[in-house]
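Protein chains: 2
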Amino acid sequence: MQSVKPVLHTYFRSSCTWRVRIALALKGIEYDQVPVNLIKDGGQQLFSDFSEVNPMQQVPSLQIDGISLSQSLAIIQYLDETRPKPKLLPEDAKKRAYVRMISDLIASGIQPLQNLMVLQKLGEGERLGWAQSCITKGFHALEKILQRTSGLYCVEDEVSMADLCLVPQVYNAVRFKVDLTPFPTIARINQALMELEAFNVSHPSRQPDTPPDLRA
Amino acid sequence: MQSVKPVLHTYFRSSCTWRVRIALALKGIEYDQVPVNLIKDGGQQLFSDFSEVNPMQQVPSLQIDGISLSQSLAIIQYLDETRPKPKLLPEDAKKRAYVRMISDLIASGIQPLQNLMVLQKLGEGERLGWAQSCITKGFHALEKILQRTSGLYCVEDEVSMADLCLVPQVYNAVRFKVDLTPFPTIARINQALMELEAFNVSHPSRQPDTPPDLRA
Chain A
1 MQSVKPVLHT YFRSSCTWRV RIALALKGIE YDQVPVNLIK DGGQQLFSDF
51 SEVNPMQQVP SLQIDGISLS QSLAIIQYLD ETRPKPKLLP EDAKKRAYVR
101 MISDLIASGI QPLQNLMVLQ KLGEGERLGW AQSCITKGFH ALEKILQRTS
151 GLYCVEDEVS MADLCLVPQV YNAVRFKVDL TPFPTIARIN QALMELEAFN
201 VSHPSRQPDT PPDLRA
Chain B
1 MQSVKPVLHT YFRSSCTWRV RIALALKGIE YDQVPVNLIK DGGQQLFSDF
51 SEVNPMQQVP SLQIDGISLS QSLAIIQYLD ETRPKPKLLP EDAKKRAYVR
101 MISDLIASGI QPLQNLMVLQ KLGEGERLGW AQSCITKGFH ALEKILQRTS
151 GLYCVEDEVS MADLCLVPQV YNAVRFKVDL TPFPTIARIN QALMELEAFN
201 VSHPSRQPDT PPDLRA
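Note that the protein sequences, when read in sequence, are chains A and B.
For the first sequence, our numbering gives the first residue as 1, with consecutive numbering after it.
For the second sequence, our numbering gives the first residue as 1, with consecutive numbering after it.
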């Protein structure tokens with residue numbers, strides 16, 4: 001089955017999908033994209049054909065090796081275990097735990113709280129403040145943790161799954177106009193990562209489904 | 001360092017902590033508990049000494065082997081990699097991906113949305129309905145996925161990390177009075193798991209910090 005190109009259901013601005021696009025780029029895996037516009041037509045993720053692909057009605061979803069996977073960290077770890085070069089989780093168990101801790105802090109502790117579903121529930125006037133407070137609270141914790149674990153990147157000097165979570169979350173923070181001044185370690189690592197090609201080609205401003213006015 | 005007993009910062013009713021308590025029980029790991037009451041004193045997780053343990057100000061946190069870990073799935077996978085019996089992630093990469101997908105669907109896709117911080121943000125009259133709708137939406141997806149992956153338990157016939165996420169989430173669903181009738185697979189697996197000792201001894205009604213009126 002590995003000769004069939006993987007298919008990624010994607011939305012240019014989805015931070016969870018961006019995580020997976022970085023992994024695919026770092027590992028040099030060719031894939032086809034099927035865009036799922038989360039805004040248009042009342043949300044194409046709610047269409048019944050996509051619900052068959054991912055019952056959770058969220059991107060990303062990756063069809064690969066004859067199976068259909070959703071949840072970005074599950075996808076990234078499957079890619080890492082089946083296409084191990086370059087490794088996105090360190091060999092050492094403690095460092096791997098730090099990578100997962102940082103990844104989950106973002107993927108469970110920050111991103112879901114500033115996601116579309118929660119923002120739609122809140123009133124128009126409350127959305128920005130809520131998103132800012134969730135991200136700021138999470139970043140205060142993340143900054144402290146990264147001061148202990150980081151080298152060039154989130155966990156020492158190798159790019160890991162934690163970095164794949166960090167950059168899209170910083171992108172969201174900027175979108176929501178979060179003041180990054182209190183987070184020098186986060187800002188430094190983000191800047192170092194954005195110099196890498198895989199983080200650039202996968203950027204929301206450079207996807208096939210990026211609207212023309214948002215292209216870089 | 002492995003001769004020092006691990007220390008779990010815990011709250012009896014925290015579903016994320018219950019996941020870790022099940023892992024510790026299944027693996028027969030002895031540990032000490034430090035209760036952190038999320039309600040009392042305005043939330044003891046906000047105290048500065050606990051913020052040093054976990055800057056995210058959430059339980060669980062596990063001090064083990066000379067390091068301090070937070071995020072339940074990172075903790076469980078660290079335990080599984082350093083104390084592999086019984087294994088909580090299958091050997092096969094695709095099955096492992098299913099285990100992580102189901103775990104993340106609950107840990108990132110459901111639990112954070114019905115967590116304390118979001119509920120406190122919503123008005124008194126909106127909380128129950130919101131929690132119910134988040135859990136119900138997630139359970140519809142989970143039910144479909146489990147129909148494909150489950151045997152006796154979430155992924156075939158071995159207890160895995162996915163099961164450690166399922167049972168506490170069903171407990172939350174019951175607390176929030178979610179109708180489980182549309183989810184026969186979830187209900188069946190939950191019932192099978194609750195027959196296992198590790199899921200019982202770790203139950204919120206049987207912890208050292210369980211208030212007397214909530215004890216089973």
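Treat the hints with caution; some may be incorrect.
For identical chains, the list gives no copy identity; a pair is met inside one copy or between any two copies.
Straight-line C-alpha distance at most 27 Å; calculated DSS-like pairs for lysine-lysine [as the list claims (entries may be wrong)]: (1) 40 <-> 144; (2) 95 <-> 27; (3) 121 <-> 94; (4) 5 <-> 87; (5) 94 <-> 40; (6) 144 <-> 5; (7) 95 <-> 137; (8) 121 <-> 27.
In case anyone wonders, no lab produced these hints; they're calculated from the structure.
Status of the hints after comparison with the structure:
| no. | hint | verdict |
| --- | --- | --- |
| 1 | 40 <-> 144 | between (39 Å within a copy, 26 Å between copies) |
| 2 | 95 <-> 27 | both (21 Å within a copy, 22 Å between copies) |
| 3 | 121 <-> 94 | neither (39 Å within a copy, 36 Å between copies) |
| 4 | 5 <-> 87 | within (21 Å within a copy, 32 Å between copies) |
| 5 | 94 <-> 40 | neither (43 Å within a copy, 33 Å between copies) |
| 6 | 144 <-> 5 | between (40 Å within a copy, 26 Å between copies) |
| 7 | 95 <-> 137 | within (24 Å within a copy, 35 Å between copies) |
| 8 | 121 <-> 27 | neither (38 Å within a copy, 41 Å between copies) |
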